[in-house]
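First to last, the sequence lines map onto chains B and D.
The number in the numbering used here is simply the position in the first sequence, starting from 1, with 831 added.
The number in the numbering used here is simply the position in the second sequence, starting from 1, with 859 added.
Just so you know, these hints were derived from the structure itself, not from any lab.
Ideal placement from N, C-alpha and C gives every residue a C-beta, glycine not left out.
Treat the hints with care, as some may be off.
With the C-beta cut set under 7 Å, the calculated list includes, among others, these residues of chain B facing chain D [unchecked claim]:
1) PRO908
2) PRO918
3) ASP934
4) ALA1082
Now the stretches of chain B that chain D is said to cover, found in silico as 3 or more residues with beta-carbon under 8 Å [unchecked claim]:
5) 888–900
6) 924–933
7) 936–948
Label pairs and their computed distance ranges (CB to CB) [claimed, not checked]:
8) B/ASP992 <-> D/PRO886: 25 to 35 Å
9) B/PRO995 <-> D/VAL1076: 49 to 59 Å
10) B/GLY875 <-> D/PRO874: 40 to 50 Å
11) D/ALA1080 <-> B/GLY1012: 54 to 64 Å
12) D/ARG1022 <-> B/ALA958: 57 to 67 Å
13) B/ASP992 <-> D/VAL1014: 56 to 66 Å
14) D/MET1083 <-> B/PRO873: 47 to 57 Å
15) D/VAL896 <-> B/ASN874: 50 to 60 Å
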Amino acid sequence: MSSDTALRAEALGKRFGLRGGWALRDCSFRLPAGRVCAVVGPNGAGKSTLLALAAGLAAPTEGSVTVLGTTPAAARPRVGFIAQDKPLYPQLTIAETLRMGADLNPGHWDTDGAEQVVAGGDLDPEARVRTLSGGQRTRVALALAVGKRPELLLLDEPMADLDPLARHELMGTLMAQAARGTTIVMSSHVVAELEDSCDHLLLVGGGRIRLSGEIDDLLAAHRRVSGAAATTPLDPHTVIESRVTGRQLTALIRPAGPLPGDWRTATPSLEELVLAHLRNPGAPALTPADTADTADEEEHAA
Amino acid sequence: MTATLSAPAPVTTAPRQIRWLLRLHRPAVYTWAILVVGVAGALLWLWGPLTDAAATAWHDYRTTCARDLPCRYDQDAILRYKDVYQYTTAVILAVPFLTAAWAGAALTGREVEAGTVRLAWTQGVSPLRWLAARLALPALLVTAGTGLLALLHHVAWSAGEGRIDTAKHWYDVPTFYSGGPLIAALALTGLAIGALAGLLTGRSLVALCVSALSVAVLWIAVQMSLPHLWPTVAGVAGRGRFPTYSGIKVEEGIVTSTGAHVPASTCASDASAWCQRFNDQRHAAGFYVDYHPYSHYWPLHLVPAGLLLALTAVLTTLTFWLLHRRTTGTPTKAARAVGAGRGGATGAAR
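Only chain B is shown next, with the shape it has when bound in the complex:
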């Protein structure tokens, strides 16, 4: 592999129309290759825009996005993408859809892989796409994306409209892909459905990156603390959220140093972490741009 970065954004921004609002603004993050990354955020946060920019379906208004070490356009043959509404040609049969995938991805089409994904759903290859249910469409769209042997798989809300069984099956297929080394980026507005399977998080809120990094690192960087309101100075630490109930103070903080022993502390859950950041848009973001190494990445690419 020539690059260990699957996706990198630098001051990325996208505005729709000349007078439209910013769907995404000033986004910088780096996603290492081989991760399963959750892009989480409320509806309208800019998740779909981010994925569309990475897939080369829209041009950034400002900044840049680098995919597999190159431009989204140049990375196109190596990236699989499934849009939120799982667009497929309704007049084609499943078998035709896969044959089309083979013809439009010459040289790197995985016939067996694609057929396995379809076969896993017990689908009739001769069924027309327009007769399929939501879950079945997702499966066909996934087969098309997987057949491409992508190094990076971008999935926009893949779980929406799926029943629990279909979700489970989809996650199984995705994890099998991840085991082969494919980097997977999937967006969702439901944190819980991604928590177990993802190891990297991108929290998008209000068109900005709020959190970015390995989920374990992000959790470790935060503490949920509680103590007596009068005697608990939060000053040196970054406070994401704090609440006083009676004389009791509870807060989610990013500790800047050792915490006093008389505080009760605990590691927050991912959901707590996400919700606290979304409830408090003013809280400072935590992204690798703050902490990490953009310089050595440049070297690596060259």
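Using the hints, position chain D against chain B.
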């Protein structure tokens, strides 16, 4: 992982793309084939048997009814010729509208609306190639089909000239447009307009209306500018006579005593006593008519067709530029260098 992607990418993917383009637009391909074959058949019928039968009927008419003898002619043959001529002409004239509407609604508009472009543009074939296939193949089919129909129409019309009394003149507007390369150029421009409208609006119904209306506006513009796209011939006559001309009249007026041609909106002949006095007053020495004779038929087709093709080229370039801008991120220098270094897999992108 790259190492497992063993097979090298083939040089061209065009035939495979075209196969799926034909598959996705199968109803349109069939419709076009039926339309071309049907109208071509009707025109061949018109050219041979119908023209002969109508000519014979007119001959019979002229030798019987016209000489106050009992009428003995095949009226049905004349009417059948007229009907088939009108219907085929109308269908040929509809082709630019049909092409534009289809291109706007189905070729690009519906794909953007239904989101299937996001499927098409994320395959191993670049969006620009996607568009190239989508424009090239329909352009070829439309040019070939419309060209064939226009040629047959011209031949069938020529066969009736001088033999059928009610045959249309060459400068009859529907006859003129349906019998030459201009109609194919209009259809091609319609295709380009439709493809652009579909991409821009992203809504098939809107794109359909916009493209069809644009073709109508364009056609009116062509019709208005047509007489001025080629130098005219002047027919001149002295006072008290009418200048003789045959074809498309562009301008008329008076010839002054110095021989200059001055356009006149009224009394471009001595048709009435009042005009005679009026022309005396303005010292008219004669009259002229600027017109296009039949010998200008081909230039009058080819010059506007050339202009339309230039417009089509501009629209197509605009469409490509728009798509390129939409689907290509702003490349940084570092990214470009990496892209070049990757070779094989990246090379297939464009």
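Kindly indicate which numbered hints from before are broken by the structure, ordering the numbers from low to high.
4
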